[in-house]
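Enquirer: Residue strings, one per chain:
Protein chains: 2
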Amino acid sequence: MNTSPDDLDPMFSIAELAQEMDITTRTIRFYEDKGLLRPARRGQQRIYSRADRTRLKLVLRGKRLGWPLDDIREMIELYDTPDGERKQLEVMLRKLSHSRSVLQQQREDIELALRELEEIEERCHRQLQQN
Amino acid sequence: MNTSPDDLDPMFSIAELAQEMDITTRTIRFYEDKGLLRPARRGQQRIYSRADRTRLKLVLRGKRLGWPLDDIREMIELYDTPDGERKQLEVMLRKLSHSRSVLQQQREDIELALRELEEIEERCHRQLQQN
DNA sequence: GTTAACGTTGACGTTAACGTCAAGAGACGG
DNA sequence: CCGTCTCTTGACGTTAACGTCAACGTTAAC
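Those protein sequence lines, which keep their order, are chains A and B. Following our numbering, the numbering of the first sequence begins with 541 at its first residue and continues without gaps. Following our numbering, the numbering of the second sequence begins with 541 at its first residue and continues without gaps.
Careful, some of the hints might be misleading.
Unchecked claim - Covered stretches of chain B, as calculated for chain A (at least 3 residues, CB under 8 Å): (1) 616-628; (2) 632-646; (3) 653-664.
Claimed, not checked - Just a few of them, taken from the derived set where beta-carbon distance is under 10 Å, the chain B residues facing chain A: (4) 598; (5) 601; (6) 649; (7) 650; (8) 667; (9) 668; (10) 670; (11) 671.
Hints in this document: simulated from the structure, not taken from any laboratory. All C-beta atoms, glycine included, are put in the ideal place defined by N, C-alpha and C.
Go ahead and model the full structure; you've got the sequences and the hints to work with.
Expert: As structure tokens, this is what we get:
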């Protein structure tokens, strides 16, 4: 890992990120192609800042939630849209609202699934006792 | 919709289910191919019981959580595995435990995402006030 | 009896999300 | 200077989850 003089701004190679996140370099480049990442370059080579690393973590979180990459990109873009005009802000609020309802639906689904799993687990344990 | 004499056991056609769940009949047949559904038949035609309908709902819930169909099938099989032998029960408990940890990770991810969305939303509103 | 409406199987097409080479550029140690 | 490492782009392959289309059977209405 390469760092600037005072170690305040760590840099990462693609291989380092891949290892840390347990994905392949191919995947990382693919995400860049899809507009999910925009690392700096030193010549040809990519160098990733701490911010890039955070973005990548957001992407992976989106993946764990089963979101398509296009949706993840939209989601992430919400994070670093600085200050927009009124119209832009309204568009943004609609997207936020939509994302939230999707997340809430997912949360409901998860709570249900967890409760049902517990039921099954109990039945399972009772069966084991009986034997 | 076709029902038995006393209306205790409603039956559904593939088209009815498709319309209700807002998916295509092609999708429903595909799920059957993948072993997620096993509707009865009257001649060639499929007839779906209330239990089949419930299974399909479980499938769609799994989809909303971004699970691959193979995982969903495993998950669903946990529901209606009746009583197994000791070894089988232990396998089942391991699968249950795994499913639960996945769900818990997803729940965490969702809570984080929701909180971050709220932050962005607030910033957004403050911006609108300023204009 | 024929014509819709609905259902069936089967084959092939499509999209997303990568995996898998192949060929080459740049830096670095010996 | 040479070989080794790490990285690059580019092309093509692959898998999951369906969509699309063709050809055909069955049932209900007229």
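Enquirer: Give a verdict on every hint.
Expert: Against the structure, the hints:
For a cut-off of 8 Å, the count of residues in the stretch 616-628 of chain B with a CB near a CB of chain A stands at 5, and the three-residue condition holds. Chain A is given as covering the stretch 632-646 of chain B, and this holds because 9 residues of the stretch bring a CB closer than 8 Å to a CB of that chain, at least three being needed. Three residues within the 8 Å Cβ limit are the bar, and the stretch 653-664 of chain B against chain A gives 7, so the coverage statement holds. The interface hint given for residue 598 of chain B holds, since its Cβ lies 9 Å from the closest Cβ of chain A, which is under the 10 Å cut-off.
The closest approach between the C-beta of residue 601 of chain B and any C-beta of chain A is roughly 5 Å, which is under the 10 Å cut-off, so the hint is satisfied. Below 10 Å, beta-carbon pairs count as interface contacts, and residue 649 of chain B has one with chain A at about 5 Å; its hint therefore holds. A least Cβ separation of about 5 Å between residue 650 of chain B and chain A falls short of the 10 Å threshold, and the interface hint therefore holds. Among the interface hints, the one on residue 667 of chain B holds; its C-beta lies about 6 Å from the nearest C-beta in chain A, closer than the 10 Å criterion.
At its closest, the beta carbon of residue 668 of chain B sits 6 Å from a beta carbon of chain A; the interface hint therefore holds under the 10 Å criterion. Among the interface hints, the one on residue 670 of chain B holds; its C-beta lies about 9 Å from the nearest C-beta in chain A, closer than the 10 Å criterion. Satisfaction of the interface hint for residue 671 of chain B is found here, the shortest Cβ-Cβ separation to chain A being roughly 6 Å, below the 10 Å cut-off.
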